[in-house]
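Protein chains: 2
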Amino acid sequence: MSEQFEKLRPHLERQMALENALILYSWDNETLAPKEAMDNTAKVIGILSAESYQALVNDEVRELLRALKEPKEFDSLSSLEQCIVKKLTKSFDRLEKIPADEYRAYSELTAKAGQIWSNAKESNDFAAFAPTLKEIVTYQKKFASYTKKPDMSLYDAMLDENEEGILTRELDVFFGKIKEEVVPLLKKVVAQNDGVDKQYNIRNYPVEKQREFCRFLAEYIGFDFNRGVMAESAHPFTTNLHNHDVRITNHFHEDNLESAMFSVIHEGGHALYEMGVDDALTLTPVGGGTSMGVHESQSRFYENVLGRSEAFWKPLFDKLKDTYPDTLADVDLTQFIRGINKAEPGPVRTEADELTYPLHIIIRYEIEKMLMEDLISVEELPRVWNEKYKEYLGVTPKNDAEGVLQDVHWSGGAFGYFPSYAIGNAVAAQIYAYMHNEVNVKECLENGNLMPIREYLREHIHSFGSTKNMNELLVAMTGEPLNAEYYTKYLTEKYTKLYLS
Amino acid sequence: MSEQFEKLRPHLERQMALENALILYSWDNETLAPKEAMDNTAKVIGILSAESYQALVNDEVRELLRALKEPKEFDSLSSLEQCIVKKLTKSFDRLEKIPADEYRAYSELTAKAGQIWSNAKESNDFAAFAPTLKEIVTYQKKFASYTKKPDMSLYDAMLDENEEGILTRELDVFFGKIKEEVVPLLKKVVAQNDGVDKQYNIRNYPVEKQREFCRFLAEYIGFDFNRGVMAESAHPFTTNLHNHDVRITNHFHEDNLESAMFSVIHEGGHALYEMGVDDALTLTPVGGGTSMGVHESQSRFYENVLGRSEAFWKPLFDKLKDTYPDTLADVDLTQFIRGINKAEPGPVRTEADELTYPLHIIIRYEIEKMLMEDLISVEELPRVWNEKYKEYLGVTPKNDAEGVLQDVHWSGGAFGYFPSYAIGNAVAAQIYAYMHNEVNVKECLENGNLMPIREYLREHIHSFGSTKNMNELLVAMTGEPLNAEYYTKYLTEKYTKLYLS
Chain A
1 MSEQFEKLRP HLERQMALEN ALILYSWDNE TLAPKEAMDN TAKVIGILSA ESYQALVNDE
61 VRELLRALKE PKEFDSLSSL EQCIVKKLTK SFDRLEKIPA DEYRAYSELT AKAGQIWSNA
121 KESNDFAAFA PTLKEIVTYQ KKFASYTKKP DMSLYDAMLD ENEEGILTRE LDVFFGKIKE
181 EVVPLLKKVV AQNDGVDKQY NIRNYPVEKQ REFCRFLAEY IGFDFNRGVM AESAHPFTTN
241 LHNHDVRITN HFHEDNLESA MFSVIHEGGH ALYEMGVDDA LTLTPVGGGT SMGVHESQSR
301 FYENVLGRSE AFWKPLFDKL KDTYPDTLAD VDLTQFIRGI NKAEPGPVRT EADELTYPLH
361 IIIRYEIEKM LMEDLISVEE LPRVWNEKYK EYLGVTPKND AEGVLQDVHW SGGAFGYFPS
421 YAIGNAVAAQ IYAYMHNEVN VKECLENGNL MPIREYLREH IHSFGSTKNM NELLVAMTGE
481 PLNAEYYTKY LTEKYTKLYL S
Chain B
1 MSEQFEKLRP HLERQMALEN ALILYSWDNE TLAPKEAMDN TAKVIGILSA ESYQALVNDE
61 VRELLRALKE PKEFDSLSSL EQCIVKKLTK SFDRLEKIPA DEYRAYSELT AKAGQIWSNA
121 KESNDFAAFA PTLKEIVTYQ KKFASYTKKP DMSLYDAMLD ENEEGILTRE LDVFFGKIKE
181 EVVPLLKKVV AQNDGVDKQY NIRNYPVEKQ REFCRFLAEY IGFDFNRGVM AESAHPFTTN
241 LHNHDVRITN HFHEDNLESA MFSVIHEGGH ALYEMGVDDA LTLTPVGGGT SMGVHESQSR
301 FYENVLGRSE AFWKPLFDKL KDTYPDTLAD VDLTQFIRGI NKAEPGPVRT EADELTYPLH
361 IIIRYEIEKM LMEDLISVEE LPRVWNEKYK EYLGVTPKND AEGVLQDVHW SGGAFGYFPS
421 YAIGNAVAAQ IYAYMHNEVN VKECLENGNL MPIREYLREH IHSFGSTKNM NELLVAMTGE
481 PLNAEYYTKY LTEKYTKLYL S
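Residue numbers (our numbering), protein chains in the order written: chain A, 1 to 501; chain B, 1 to 501.
Check the hints yourself; a few may be wrong.
If chains are identical, the list can't say which one is meant, so a pair holds when it fits in one copy or spans any two.
No more than 25 Å apart at the CA atoms, straight line, and that leaves these computed lysine to any residue pairs for SDA-like [unchecked claim]:
1) Lys7 with Ala105
2) Lys112 with Thr239
3) Lys314 with Val173
4) Lys112 with Arg9
5) Lys7 with Lys43
6) Lys35 with Thr239
7) Lys497 with Glu310
8) Lys209 with Glu232
9) Lys43 with Ser26
10) Lys35 with His251
11) Lys112 with Asp278
12) Lys442 with Lys494
13) Lys209 with Thr323
14) Lys35 with Ser233
15) Lys112 with Leu32
16) Lys112 with Glu19
17) Lys35 with Ile221
18) Lys7 with Ala55
19) Lys43 with Met1
Simulated from the structure, these hints should not be mistaken for laboratory data. On a predicted model such as this, the values are computed, not experimentally measured, just so you know.
Construct all of the structure, not just a fragment, from the sequences and the given hints.
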C-alpha cells in the first residue's frame with residue numbers, strides 16, 4: 001500500500017463528494033426546482049464549485065501527484081491506483097490553468113443558463129438567450145486558451161475535452177467520408193421512401209400510457225429500477241450520482257409516438273453503461289463512462305442498431321398495439337419498421353432518423369468551429385443555422401425554437417460535444433460488426449431476451465469505467481481503433497435492404 | 001462595515017453551501033433516490049457533513065467570532081450581523097464539543113437510517129430497525145453529554161436544541177395542565193360524538209384526484225408554486241433550500257379522504273413560514289424558521305385552527321364535492337365539519353384529531369425521557385409504546401408498523417422534537433387569540449381570501465427568520481411569552497361548541 005496514495009485519498013474523497021453534490025443540483029434544476037429558485041441556488045452552486053476546485057487545485061495535491069508519478073512510486077501502485085493518478089493529473093493540469101474566480105463565476109453562470117435557455121426556447125426568443133450565450137462562449141474560449149496545447153486551436157481544445165485525440169483534423173476526414181457516402185445514399189433513399197406512411201406517429205397518445213410503456217421499455221433493455229430512476233425534463237438526459245444511482249429523463253408529447261420511446265431507449269443505453277461500471281471503481285475519479293463518444297455509442301447502439309430493427313420489435317409490437325389499441329389498429333409491423341426508419345430531412349436533431357442524423361451533427365460541428373474561430377458572432381447564429389439547414393437538409397426551421405434554440409447543450413457550456421454523437425454512431429457500428437462473433441443479436445432480440453447483449457457490453461466496455469479510453473476499448477474488442485468504414489457500411493446495408501433492394 | 005465580519009463571510013458561505021447540499025440530499029433520499037443507492041450516497045453525505053463541520057469548527061472562525069464579540073466590535077455591527085454572530089456562536093460552541101469523526105459517522109448513519117426505518121415499517125419488523133435505532137440513541141446521548149450545560153439532563157439538552165429554554169421542567173407543567181384539562185374534556189366529548197358518522201372518510205378517493213385537490217389547497221392558502229414544489233414521500237414533510245425554494249411532500253391513501261388534505265394544509269403552513277422569510281436573510285445562518293415549536297405553530301395553525309373550521313370549508317365544500325361527486329353525494333357541510341373534528345382515540349398520531357393529538361405527544365415525550373434516562377432500552381420500546389397507548393388512549397396498535405414504527409423522527413435522530421408539536425399548538429392558539437384584533441379571520445375564510453392571514457403572519461413571524469426566538473416573537477405580538485392557557489381554552493371552547501352545547 002502506497003503511503004503517498006493514502007495521503008491522496010481524503011483529497012479524492014472531498015472532490016468526489018463536492019462534484020457529486022453538483023451533479024445532484026444539476027439534476028434537481030433540470031427536473032424539479034421551482035422557477036424562482038435559480039438566482040439563489042446558482043450562488044450555492046458557485047460556492048460548491050469553488051470548493052471542488054480548491055479540493056483539487058492545491059499545493060498538497062500537486063506535491064502528492066508529483067511524488068506518485070515518480071517511476072518507483074508509480075510502479076508500486078495497483079493498476080486502479082495508477083489509472084486514478086493519471087486521470088487526476090489530467091484534471092489537475094487542466095484546472096490549475098483556470099483562475100479560481102473565473103471557474104466559480106462560470107459555474108454560477110451555467111447554473112442559471114439552463115433556465116434562461118429553456119424560457120427563451122419556450123417563448124421562441126433567441127435575443128433573450130443571446131447575452132447569456134455570449135458570456136458562456138467568452139468563458140469557453142478563455143478556458144480553452146488557458147488549457148490548450150500550444151499547437152491547438154481553441155475548438156480543438158474543446159473537442160479534446162470530449163474525446164481525447166479526436167480533433168478537427170480527424171473529424172474533417174470523418175465527416176468528409178460521411179458526406180461523401182451518406183449524402184448520395186440519402187438522396188436515393190428519400191426518392192424511394194417518400195411514400196412511406198408514418199401518419200400513425202402524430203396521432204393522439206395519452207401521456208400516462210406513454211409513461212407506462214417507456215417504463216416497460218427501460219426495464220426491457222435492462223435498466224434496473226433498484227439502482228435508477230426516471231423523471232421528466234425539457235430535454236431528455238442521463239446523469240448519475242454513482243453506479244447504484246443512475247437517472248434518466250424523458251419528455252412526452254401527446255401527439256408523437258416515437259419521440260419518447262426512442263428517447264428512453266437512448267437514455268437507457270447511457271444508463272446501462274453507468275450501471276455496469278465495476279463496483280471497485282464506484283465513487284473514484286474513474287467510476288464513470290470513459291468519454292462522450294463511447295457514451296453515445298452505447299445510447300445510439302440501443303436506440304438505433306437495436307431499437308430501430310425489426311428483430312427488436314417482433315416480440316414487442318403486439319404489446320405496443322395493445323397499449324394503443326384503437327390508435328394503432330391500422331398499422332402492422334412492416335409498416336411500423338419502415339416508418340421508424342423513414343429517412344426524411346427535418347429541422348430537429350432529436351427527431352431525426354439514422355440517415356439524416358449525421359447531417360444535423362455536421363451542421364453543429366461547422367457552426368461551432370466558425371464560432372470559436374471568430375468567423376461568426378453569437379448574433380449571427382440564427383441566420384447561419386438556417387442557412388446550413390437549407391444547405392444540408394433542404395429545410396428551414398419555422399422559428400428559432402425549432403432552429404438554433406432546439407438543443408440544451410450550449411447553455412451548459414457543452415461546446416465540442418455534438419461530434420460525440422457521430423463518433424458514437426461509428427463506435428456503435430464497429431462494436432456491432434464484432435459482437436456477432438460472440439452473441440447472436442438477432443436471436444436475442446427476437447426472443448425478447450436482451451441480457452446477453454447487455455452482458456457483452458458490460459464485459460467489454462461498461463465494467464471498465466474510465467480506466468480505458470475509447471481506442472483501448474475498441475482495440476481490445478475489435479482488434480482495431482475507431483474505423484468509420486463500419487458506420488457507412490452499416491448505414492448503406494441497412495437502408496439498401498429497407499428501401500433500395 | 002466591519003473588517004472582521006467581512007473575513008467571516010467566506011466561512012459563512014462555505015458552511016451555508018455545504019448545509020444546503022446536505023438538505024438537497026436528504027430531500028432526494030426521501031422523495032426519489034433508488035433503493036440501492038443509499039450505501040454509496042451515505043458515504044458522500046458523510047464526507048460533506050465532515051466538510052461542513054470543518055467549515056465552521058476551525059481556528060480561524062474561532063478567532064473571528066472571539067474578535068466579533070468584543071463589545072466595541074459587536075456594537076459596530078448591523079443588527080442582522082449581530083444576529084448572525086450570535087447564532088453562529090451558538091452553533092460553534094455546540095459543534096466544537098463533538099469530535100469530527102463522530103459527527104461524520106453519525107451523519108452517515110442517519111443518512112442510511114431513513115430507508116432502514118421505512119423498510120422495517122413496510123414489513124412490520126421492529127427488530128430490523130432496532131440495531132440502527134440503538135446506534136442513533138447512543139450517538140444522541142453521547143452528543144448531548146458533550147454539549148449539555150453541567151446541570152442539564154441528557155434529554156433536556158435535546159429539548160433545548162429544539163426549543164431553547166423549554167426543558168422537562170417546563171414541559172412537565174405544560175403537559176400536566178393538558179392532561180388535567182384535556183383528558184376529562186376528551187371523555188365528555190367522546191361520549192357525545194360517538195355517533196358522528198365519518199364513514200365518508202374511508203371511501204374510495206382516486207389518488208390522481210387527491211393530488212389535484214391538494215395542489216389546489218396549497219395554492220389556496222398561499223403556497224407559491226414559482227417558489228416551491230410538491231412531491232411524495234413515505235411521511236409528509238417540508239424542507240427548503242432557501243426562501244425561494246420551499247418543498248413539501250404528501251402521501252396519498254386511496255381509501256382516506258382527510259389524510260392527504262390535512263397533510264398538505266399542515267406542510268403548507270410550514271412552507272408559508274419559510275417562503276415568508278425576508279430576502280435580506282436568504283442563505284444566511286438566520287434565514288430559516290426560528291425553532292421547531294414556532295414552525296409547528298404555523299403548520300398546526302393552518303391545519304387545525306383554520307383548516308378544521310367551518311368558515312374555512314364554507315367556500316370550498318362544493319368544490320370538494322364536485323371533485324368526488326358520487327362519493328360525497330350524501331355528505332353535507334355540517335356532517336363534514338363534525339367528521340373532521342370527531343374526537344376519536346386511535347393509534348396513529350398523524351391521523352389524530354385535535355383533542356387526542358396532545359396525548360400522542362405526551363406518550364412520546366414520556367417514552368423519550370425514559371429512554372434517555374436509561375429507564376427503558378430500545379428493545380423494550382414496542383412493549384412500552386403499546387402500554388402507554390392503552391393507558392392514555394385506550395387503544396392498542398394492531399402491530400408495530402402502526403405502533404412504535406409509525407413516525408420517521410427517530411430514524412433522523414430527532415429526539416426531543418415531538419414536544420414541538422404541542423408547543424406549536426399552544427403558540428398557534430395564543431397567536432389566534434390576538435390575531436383577531438387586526439384581522440377578521442372568519443370573514444377572510446368565508447370570503448375565500450386567505451391573504452390577509454398570511455400577511456399578518458408574515459409581518460409578525462415569518463419575515464424575521466430566526467433573528468428572534470419564540471418568546472421574543474410572542475411578546476412583540478401578544479404582549480406575553482408562551483402561555484398554555486390559550487390552548488386549553490381554545491380546545492375547550494371549540495369542542496364545547498361542537499359537541500357539548
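Intra- versus inter-subunit Cα pairing at 25 Å for lysine 112 with glutamate 19: Close inside one copy (18 Å) and across copies (21 Å); limit 25 Å.
Intra/inter-copy verdict for lysine 112 and aspartate 278 if alpha-carbon distance must be at most 25 Å: Answer is between; shortest inter-copy Cα gap is 22 Å, intra-copy 34 Å.
Within, between, both or neither, where lysine 112 and arginine 9 count as close if Cα-Cα is 25 Å or less: Answer is between; shortest inter-copy Cα gap is 23 Å, intra-copy 32 Å.
Within, between, both or neither, where lysine 7 and alanine 105 count as close if Cα-Cα is 25 Å or less: between (30 Å within a copy, 20 Å between copies)
Alpha-carbon proximity context of lysine 43 and serine 26, limit 25 Å: both (13 Å within a copy, 20 Å between copies)
25 Å Cα threshold - placement of alanine 55 relative to lysine 7: both (13 Å within a copy, 21 Å between copies)
Homomeric proximity label, lysine 112 with leucine 32: Cα distance no greater than 25 Å: Both, since 14 Å and 23 Å are each at most 25 Å.
Intra- versus inter-subunit Cα pairing at 25 Å for lysine 35 with serine 233: For lysine 35 and serine 233, both the intra-copy (13 Å) and inter-copy (22 Å) Cα distances are at most 25 Å.
Homomeric proximity label, lysine 442 with lysine 494: Cα distance no greater than 25 Å: Within. Shortest intra-copy distance 14 Å satisfies the 25 Å Cα cut-off; inter-copy 73 Å does not.
Alpha-carbon proximity between lysine 314 and valine 173, which holds within one copy, between copies, both or neither at 25 Å: So lysine 314 and valine 173 fail the 25 Å test inside a copy (38 Å) and across (74 Å) alike.
Intra- versus inter-copy proximity for glutamate 310 and lysine 497 (alpha-carbon distance at most 25 Å): Only inside one copy: lysine 497 and glutamate 310 sit 12 Å apart there, 73 Å across copies, limit 25 Å.
Status of threonine 239 relative to lysine 112 across identical chains (alpha carbons, at most 25 Å): The answer is both: 18 Å in one copy and 22 Å across copies each meet 25 Å.
Going through the hint list in order, the structure does not satisfy hint 3, though it satisfies all others.
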